[in-house]
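Engineer: Spelled out, the chains give:
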Amino acid sequence: MVSFRGRNIVSIRDMSHNDLTKVVETTELVKRGESSGFLKGKTIATLFFEPSTRTRLSFESAVLKSGGSVFGIANPKASSESKGESFADSIRTVSGYCDVIVIRHPVEGAARMASELSSTPVINAGDGANQHPTQTFLDLFTMKESFGRLDNLKIGMMGDLKYGRTVHSLANALAMFSNELIFISPPSLQMPGHILKELDDGNIRYRNIADLEEAGDYDLDILYVTRIQKERFGDPQEYEKVAGIYRITQETINMLGKDIRVMHPLPRVDEIAEEVDSMPNAIYFTQAHNGIPTRQALLGLVTGGLD
Amino acid sequence: MARTYKVYSIENGTVIDHIPTPLALKVIRILGLGNEGIMTIGIGFNSEKHPRGKDILKIENRELSHEETNKIALIAPDATINIIKNGKVEEKRQITLPSEVRDILSCPNPNCATNKLGAGKRFLLENKDTVTYRCVYCERATVVNADMLTPK
Numbered sequence: 062m063v064s065f066r067g068r069n070i071v072s073i074r075d076m077s078h079n080d081l082t083k084v085v086e087t088t089e090l091v092k093r094g095e096s097s098g099f100l101k102g103k104t105i106a107t108l109f110f111e112p113s114t115r116t117r118l119s120f121e122s123a124v125l126k127s128g129g130s131v132f133g134i135a136n137p138k139a140s141s142e143s144k145g146e147s148f149a150d151s152i153r154t155v156s157g158y159c160d161v162i163v164i165r166h167p168v169e170g171a172a173r174m175a176s177e178l179s180s181t182p183v184i185n186a187g188d189g190a191n192q193h194p195t196q197t198f199l200d201l202f203t204m205k206e207s208f209g210r211l212d213n214l215k216i217g218m219m220g221d222l223k224y225g226r227t228v229h230s231l232a233n234a235l236a237m238f239s240n241e242l243i244f245i246s247p248p249s250l251q252m253p254g255h256i257l258k259e260l261d262d263g264n265i266r267y268r269n270i271a272d273l274e275e276a277g278d279y280d281l282d283i284l285y286v287t288r289i290q291k292e293r294f295g296d297p298q299e300y301e302k303v304a305g306i307y308r309i310t311q312e313t314i315n316m317l318g319k320d321i322r323v324m325h326p327l328p329r330v331d332e333i334a335e336e337v338d339s340m341p342n343a344i345y346f347t348q349a350h351n352g353i354p355t356r357q358a359l360l361g362l363v364t365g366g367l368d
Numbered sequence: 055m056a057r058t059y060k061v062y063s064i065e066n067g068t069v070i071d072h073i074p075t076p077l078a079l080k081v082i083r084i085l086g087l088g089n090e091g092i093m094t095i096g097i098g099f100n101s102e103k104h105p106r107g108k109d110i111l112k113i114e115n116r117e118l119s120h121e122e123t124n125k126i127a128l129i130a131p132d133a134t135i136n137i138i139k140n141g142k143v144e145e146k147r148q149i150t151l152p153s154e155v156r157d158i159l160s161c162p163n164p165n166c167a168t169n170k171l172g173a174g175k176r177f178l179l180e181n182k183d184t185v186t187y188r189c190v191y192c193e194r195a196t197v198v199n200a201d202m203l204t205p206k
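Each protein sequence line maps, in turn, to chains A and B.
Here the numbering used here is used: the first residue of the first sequence is 62, the next is one more, and so on.
Here the numbering used here is used: the first residue of the second sequence is 55, the next is one more, and so on.
Quick caveat, the hints were computed from the structure, so don't treat them as lab data.
Just so it is clear, CB atoms sit at the ideal spot from N, CA and C, and this is done for glycine as well.
Misleading hints may appear alongside valid ones.
Lysine-lysine pairs mimicking DSSO-like chemistry, simulated, CA-CA at most 30 Å apart [as the list claims (entries may be wrong)]:
#, chain 1, residue 1, chain 2, residue 2
1, B, Lys142, B, Lys103
2, A, Lys205, A, Lys223
3, A, Lys319, A, Lys92
4, A, Lys215, A, Lys138
5, B, Lys142, B, Lys175
6, A, Lys258, B, Lys125
7, A, Lys138, A, Lys83
8, B, Lys125, B, Lys142
9, A, Lys291, A, Lys138
10, B, Lys112, B, Lys175
11, B, Lys175, A, Lys223
12, B, Lys182, A, Lys258
13, B, Lys125, B, Lys146
14, B, Lys182, B, Lys112
15, B, Lys175, A, Lys138
16, A, Lys223, B, Lys112
17, B, Lys175, A, Lys258
18, A, Lys126, A, Lys138
To list a few chain A residues with every Cβ distance to chain B over 12 Å, as calculated [said to hold, decoys possible]:
#, residue
19, Ser96
20, Gly170
21, Ser180
Which stretches of chain B does chain A cover? Using the computed rule of at least three CB atoms under 8 Å from a CB of chain A, they are [said to hold, decoys possible]:
#, region
22, 82-92
23, 111-122
All chains, full assembly: derive it from the sequences and hints.
Structural biologist: If you want it as structure tokens, here you go:
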């Protein structure tokens, strides 16, 4: 049986098929209200070396809902790091104050480094452009909740697939199950070759397309939308053109199929029109709310409060 | 015109041949060799395998371990190793890429914890055909090149 007690949650690359299944199943129990108070007597530190209000509040809410207590830093300027204390010393010290460290840091690999220095488990809440594993877990849980399964799904991923860490981790995770992936992006923002190579190695069926209308031919179960950032384009006119093409409206949903579910890691800008929010297809707010039971489950598993 | 190698033969030690020119000095760096007795370096010999020439390195009175010689594969996968004892070739050794590399390669990602926070340098072998290694920290995979060698 998979045990998470004492384990670090740093990267989806460390996870097996059984690990992912275990986290999703535990999240189901938590969301159904079958487990409560499992963090009683536990103290969680949230160390946010770069601001991310949404993720921090979601972790803090998860701790409080599970009966634990939480302290931390929300602003790097308030930490002793700004007084010159090394990152390593900060982690070694704080790990003696708590049962789990939740860390967000702008440097890639900071969470891995923290996990090697800390005497208590470390959960990565985002390290630069590298990993954000709890986002991937909540994405998987939301898919399972909507379809009752995590395999044999046709999943479209749309937007900035080149730089978006969310879609990279999600593609890696979905590759452990048997799914078909359709990547929809402008040619300049396609899924990087190293991710496609990993999908090839895992015999995962995928396709790259540039035309959103073509996605209508695939009878997608899920469309996972991500934001295309303006700063990726040298020419603002080029950005406007691309942003206009990859925009989801009620009309697009009808073209893609009436049963399609639309997901988004949020925050969105204008890649999904507000008129879509009221459609039953839109599950991105449910997805965001699923961050709470997912993080509760992970905290419960690494502290041993949940098995 | 054929010419005799002007690199002295050694009585005991390790001979590394077929290093592509001009990587002999980088091989010394990878091996972390310093003041360890006599070393002879030959650069730019004719070679069928290496059109730009090959380098030869002879390290006297030091038998390198497999772990040490495998590191050479990072930049010179075709290099050959001969262990010499009493003037004779005691062992002809093939080299294979190490599955894990510590402290030899630097991550080219400037925003990696190894470059920003002082994490130790560690890479895991990702693809041996392309000599690609993945940084344990920032998780980026890179095809190894001599520029990634950590300065001593």
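Engineer: Evaluate each hint against the coordinates.
Structural biologist: Quick rundown of the hints versus the structure:
1. Proposed proximity of lysine 142(B) and lysine 103(B) is supported: the alpha carbons are some 25 Å apart, at most 30 Å.
2. Pair hint lysine 205(A) plus lysine 223(A) holds up; C-alpha atoms about 26 Å apart against a cutoff of 30 Å.
3. Annotation: proposed proximity of lysine 319(A) to lysine 92(A) holds, straight-line Cα distance about 27 Å (limit 30 Å).
4. With a C-alpha separation of about 44 Å, the suggested pair lysine 215(A) and lysine 138(A) falls outside the 30 Å cut-off, and the hint is violated.
5. Of the supplied pair hints, the one linking lysine 142(B) and lysine 175(B) is violated, its CA atoms being roughly 38 Å apart against a limit of 30 Å.
6. Restraint check for lysine 258(A) and lysine 125(B): the C-alpha separation of about 26 Å stays at or below 30 Å, so the hint holds.
7. Simply put, lysine 138(A) and lysine 83(A) have alpha-carbon atoms about 37 Å apart, too far for the 30 Å limit, and the pair is violated.
8. Taking the CA atoms of lysine 125(B) and lysine 142(B), the gap is about 24 Å. The hint holds against a cut of 30 Å.
9. Between lysine 291(A) and lysine 138(A) the CA atoms are separated by roughly 28 Å; this keeps the pair inside 30 Å, and the hint holds.
10. A threshold of 30 Å between alpha carbons decides the hint, and for lysine 112(B) with lysine 175(B) the separation of about 28 Å falls inside it, so the pair holds.
11. Under the criterion of a C-alpha separation no larger than 30 Å, the hint pairing lysine 175(B) with lysine 223(A) is consistent with the structure, at around 26 Å.
12. For the hint linking lysine 182(B) to lysine 258(A), the alpha-carbon distance of about 14 Å falls within 30 Å, and the restraint holds.
13. As the CA atoms of lysine 125(B) and lysine 146(B) are separated by approximately 16 Å, the hinted pair is consistent with the 30 Å bound.
14. The straight-line distance between the Cα atoms of lysine 182(B) and lysine 112(B) is roughly 27 Å, inside the 30 Å bound, and the hint therefore holds.
15. Under the criterion of a C-alpha separation no larger than 30 Å, the hint pairing lysine 175(B) with lysine 138(A) is consistent with the structure, at around 28 Å.
16. Proposed proximity of lysine 223(A) and lysine 112(B) is contradicted: the alpha carbons are some 47 Å apart, above 30 Å.
17. Distance check on the hinted pair: lysine 175(B) and lysine 258(A) sit about 25 Å apart at the alpha-carbon level, within 30 Å; holds.
18. Pair hint lysine 126(A) plus lysine 138(A) holds up; C-alpha atoms about 28 Å apart against a cutoff of 30 Å.
19. Look at serine 96(A): its CB is around 32 Å from the nearest CB on chain B, clear of 12 Å, so calling it non-interface holds up.
20. Not every CB of chain B is more than 12 Å from the CB of glycine 170(A) (nearest about 3 Å), against its label as outside the interface.
21. Residue-level check passed: serine 180(A) sits 18 Å from the nearest beta carbon of chain B, beyond 12 Å.
22. Proximity of the region 82-92 of chain B to chain A, defined as three or more residues with a beta carbon under 8 Å from a beta carbon of that chain, is not established by the 0 residues found.
23. With 0 residues having a beta carbon nearer than 8 Å to a beta carbon of chain A, the region 111-122 of chain B misses the requirement of three or more and the stated coverage is violated.
Figure legend: structure checked against the earlier numbered hints; hints not met, in rising order: 4, 5, 7, 16, 20, 22 and 23.
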